Amino acid sequence: MSEIPQDQIVKLHPTYYLPHHAVTKESSTTTKVKVVFDGLCKTSTGLSINHVQHIGPRIQDELFYHLIRFR
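Residue 656 is where the sequence shown starts when you use our numbering, and the numbers rise one by one after that.
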């Protein structure tokens with residue numbers, strides 16, 4: 656992962672970044688590092704990614720239907 660130089664950033668739309676950090680667990684034999692995302696972290700505008708997301712249709716019922724019929 657590397658930082659993108661300012662001259663290569665195209666700003667056609669507002670850009671939002673999801674703050675994250677790594678949590679390590681040395682005693683784990685399978686997953687030593689987990690990524691934790693913080694969607695409520697406020698930006699300089701006072702808004703978080705959770706505040707600017709578009710609301711879409713609920714898909715839980717449809718997803719549940721497919722999961723119980725999966726073979």
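Wrong hints could be hidden among the right ones.
[Claimed, not checked] Derived Cβ-Cβ restraints for the label pairs, each shown as a range: (1) L718 with P660: 14 to 24 Å; (2) P660 with V691: 23 to 33 Å; (3) S699 with Y720: 22 to 32 Å; (4) K666 with Y720: 39 to 49 Å; (5) P660 with H721: 40 to 50 Å; (6) V707 with T684: 17 to 27 Å; (7) K697 with L718: 27 to 37 Å; (8) H676 with H709: 34 to 44 Å.
These are calculated hints, taken from the structure and not from any lab test.
Being a predicted model, the structure only gives us computed values, none of them experimental.
Even for Gly, the Cβ is constructed at its ideal location relative to N, Cα and C.
Okay, the hints, checked on the actual structure:
1. At roughly 40 Å, the beta carbons of L718 and P660 sit outside the given window of 14 to 24 Å.
2. In this structure the hint that P660 and V691 lie 23 to 33 Å apart at CB holds, the actual value being about 28 Å.
3. At roughly 42 Å, the beta-carbon separation of S699 and Y720 lies outside the given 22 to 32 Å, and the hint is violated.
4. Take K666 and Y720: their Cβ atoms lie about 41 Å apart, and the range 39 to 49 Å holds.
5. Separation of P660 from H721 is about 43 Å and conforms to the stated range, judged on CB atoms against 40 to 50 Å.
6. Checking the proposed 17 to 27 Å range against V707 and T684 shows it is violated: the Cβ atoms sit about 39 Å from each other.
7. In this structure the hint that K697 and L718 lie 27 to 37 Å apart at CB holds, the actual value being about 30 Å.
8. A C-beta distance of roughly 26 Å is found between H676 and H709, which places it outside the suggested range of 34 to 44 Å.
In this structure, the earlier hints numbered 1, 3, 6, 8 are contradicted, and the remaining ones agree with it.
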